[in-house]
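*Asks:* For the sequence shown, counting from 1, position 512 maps to 512 in the numbering used here; every step adds exactly one.
Since the hints were made in silico from the structure, they are not lab data. Given the structure is predicted, the values throughout are model-derived calculations rather than measurements. One thing to keep in mind: the hints can contain errors.
Claimed, not checked - As a list, the in silico BS3-like pairs of lysine-lysine whose alpha-carbon atoms are at most 25 Å apart: (1) 245 - 83; (2) 279 - 121; (3) 118 - 106; (4) 106 - 123; (5) 207 - 430; (6) 207 - 121; (7) 83 - 118; (8) 83 - 279; (9) 124 - 207; (10) 118 - 245.
To be verified - FRET-style restraints, in silico, Cβ to Cβ: (11) 509 - 362: 57 to 65 Å; (12) 450 - 318: 27 to 35 Å; (13) 81 - 534: 38 to 46 Å; (14) 534 - 618: 20 to 28 Å; (15) 215 - 325: 20 to 28 Å; (16) 438 - 537: 26 to 34 Å; (17) 364 - 318: 39 to 47 Å; (18) 123 - 494: 51 to 59 Å; (19) 450 - 121: 34 to 42 Å.
Think of the CB as a built atom: it goes at the ideal place given N, C-alpha and C, for glycine as much as any other residue.
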Amino acid sequence: MQEDQQFKDHLREARLFRNRILVMAGFMLLLASTVVYRYYDLQIVNYEEYATQSERNRVHVQPVAPTRGLIFDSNGLLLADNKPSFTLYVISSSQIELDATLDLLKSIIEITPSDLEKFYKAKKQRRHSLDPVPLRYRLTEDEIARLAVNQHLLDGVEVNAELVRNYPYSDLFAHVIGYTGRISEREVTSFSPEQVQRYSGTHSIGKNGIERSYEEVLLGQVGSQNVETNARGRVMRVLDRIDPKQGSDLHLYLDARLQETATAVMRGRRGAVVAIDVKTGGVLAAVSYPGFDPNLFVTGISVPNYRALNEDIDTPLFNRFLQAQYPPGSTVKPVVGMAGLYNGYTDVNRAIADRGFYTLPGSSRIYRDWILAKTGGGHGMVNLKTALAESCNTYFWDLGVRMGIDHISEFGAHFGLGMLTGIDIPSERKGVWPSREWKRAAKGQAWYPGDTVNMSVGQGFVLVTPMQLAVMTATIANRGTRYRPQFVKQIGDQPLPPVIESQLETKPEYWNAIFEGMSEVMHGARGTARRAAERSEYRMAGKSGTAQAVGIAQNAKYNSGLLKERHRDHALFVAFAPVENPQIAVAVMLENAEGGSSQAAPVARAMMDAHLLGYYLKPDEFVPPLGFHHAAIVKRANNYIAERKAAQEARASSSASSAAVAPGN
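Between the sequences and the hints, there should be enough to build the whole structure, so can you do that?
*Replies:* So this is what it looks like as structure tokens:
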């Protein structure tokens, strides 16, 4: 009985074992069938699709950045070029790997919080998870060496050589050339699909100045290359390549020597200088002082550096020649005078008796001419020419009130006042050349005769930029032809023709009167800026101006000694030369420098001497005293020029002597 029971148990166990074997065999068969089916699906049914995906993982299309176009001055000197620089890139597909890589890099080279912030912003902008992201720019040789030594630990880290923008003249052209900088997240979101493609190979874009205005031609066309990568995204080899197209070079009207001269004579000052080619409207020099080094912005400015610039009381980031708006003072008297001639409210000979003050008809308010405080009297009998030469306010108050605001307001447009000049860099302000309508809209008030009195001598609501003053002066020098000012003369090998904005047709004798009056400012016995023209080798025409920085009471005397330096009057001067055949027009604005004739006129003289006579100055060799007198700058410039000429002659003599004693062959 016991044997039967044991036999039955063996039979049951055998059946159980056989069933398990069958189940296992079935499972294995099913698994094998699945594998075979999947293999069939991969290799036969969907071969092309999966082969393409595999190739995509192995072969990666990389954009190739174009070389940015160069920028030259009128003499072929490089103002903006591209400098080789080494950049650290990180490739990582997971955050865990990335954190470990960054921690390791921090132990090898300096990685600042600012670097990390910019890195994560750039990481968000990448199009592919294996696209390299820049972490550090401008690596030093020591940093490159340390990274190379630790390369075996730095999987997913690359050091690539690339070209970055460089400005060899540092701050000299900062407000004109502008600068490039990293593409921001805001800029990326505003890109069109075409722009996304164009900027796929670069991390920078023109931010300001010419770099921004001419971004389209400077950028070039992006190229591409197919590269084979490993699983970590490291490039193993380049399979094929489409070369990028270099950006177009720009040739400017700017003369670096004249720009240096302007910077030299502006040392220790705040203000702006603009010089224009009278015949074309080309800008020969444009300086806003103080400036800044645009190289700081190219790969991302540090927080301390930006804070220092932004909080500087002298506002070096502010473009004074294009954005600063000042009352022009007496510099606009030639425009008011021409308006009177053109509209028949005066002629070249009409004279008035100036007693040193003016009162409106039917009013008891007294407007005092500047000469009254100085001499106790007036200018005497003055016509248009003497009124310009001696800067007689009374003459222009009388003319302006008789002519009326409407004629004055309409006439300003002929000279580019109260409007954008159309200059080919961004952020220009248009100033204010007021009218009845303007005051009603801006102030909610009617226009009063007293407003006309103020406007007739460039005060009150009138505001201009130094660029507008230069355009106005060039228009006068051109006898009514107003050119659009422009910095760029040629794109690649294609010249940009000068653009005439307007032409004022009037009698030649009217222009002759304006020319003679402005010439007497410089060369007349009673000309307000005659000392700035001493020993001049050519005849020049000019007009001074003084603009209040803060208001003073009607009956109070202006006393600079009682005012803070930054509350003192601004000094302005406009000029052109030679009078017989004008070539250059200059506008100078010096903040809180007071006398236009004593302070700003010598700056204009130095600019014209440089352009017409070749008396160029170097910023690091010529530093005018902070409070230079009306003739001090001219004297110092002449001394410097004499010393430089003597040194050049001595070197030439030495070279000639050496050649004379050199042994023959």
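*Asks:* Work down the list of hints and note, for each, if the structure agrees.
*Replies:* Consistency of the hints with the structure:
Proximity of residue 245 to residue 83 is assessed by CA-CA distance (about 18 Å); at most 25 Å being required, the pair is judged to hold. Under the criterion of a C-alpha separation no larger than 25 Å, the hint pairing residue 279 with residue 121 is inconsistent with the structure, at around 48 Å. Taken as a hint, the residue 118 and residue 106 pair is honoured in the structure, with Cα atoms around 15 Å apart against an allowance of 25 Å. For the hint linking residue 106 to residue 123, the alpha-carbon distance of about 18 Å falls within 25 Å, and the restraint holds.
Using a Cα cut-off of 25 Å, the hinted pair residue 207 and residue 430 holds, with the two alpha carbons roughly 21 Å apart. This hinted pair checks out: residue 207 and residue 121 have alpha carbons roughly 18 Å apart, not beyond 25 Å. For the hint pairing residue 83 with residue 118, the CA-to-CA distance comes to about 22 Å; that is within 25 Å, so the pair holds. With a C-alpha separation of about 36 Å, the suggested pairing of residue 83 with residue 279 is violated against the 25 Å cut-off.
Note on residue 124 and residue 207: the hinted pairing holds, with a Cα-Cα distance of about 21 Å set against a maximum of 25 Å. Under the criterion of a C-alpha separation no larger than 25 Å, the hint pairing residue 118 with residue 245 is inconsistent with the structure, at around 28 Å. One distance hint, 57 to 65 Å for the beta-carbon pair residue 509 and residue 362, is violated here, with the actual separation near 34 Å. A hinted range of 27 to 35 Å for the beta carbons of residue 450 and residue 318 is consistent with their spacing of about 32 Å.
At roughly 41 Å, the beta carbons of residue 81 and residue 534 sit within the given window of 38 to 46 Å. In this structure the hint that residue 534 and residue 618 lie 20 to 28 Å apart at CB holds, the actual value being about 23 Å. Taken as a hint, the range 20 to 28 Å holds for the pair residue 215 and residue 325, whose Cβ atoms sit roughly 27 Å apart. Checked against the hint of 26 to 34 Å, the C-beta distance between residue 438 and residue 537 comes to roughly 44 Å, which is inconsistent with it.
Distance hint for residue 364 and residue 318: a CB-CB separation of about 42 Å, consistent with the stated range 39 to 47 Å. Checked against the hint of 51 to 59 Å, the C-beta distance between residue 123 and residue 494 comes to roughly 40 Å, which is inconsistent with it. Here the CB-CB span from residue 450 to residue 121 is close to 55 Å, at odds with the stated 34 to 42 Å.
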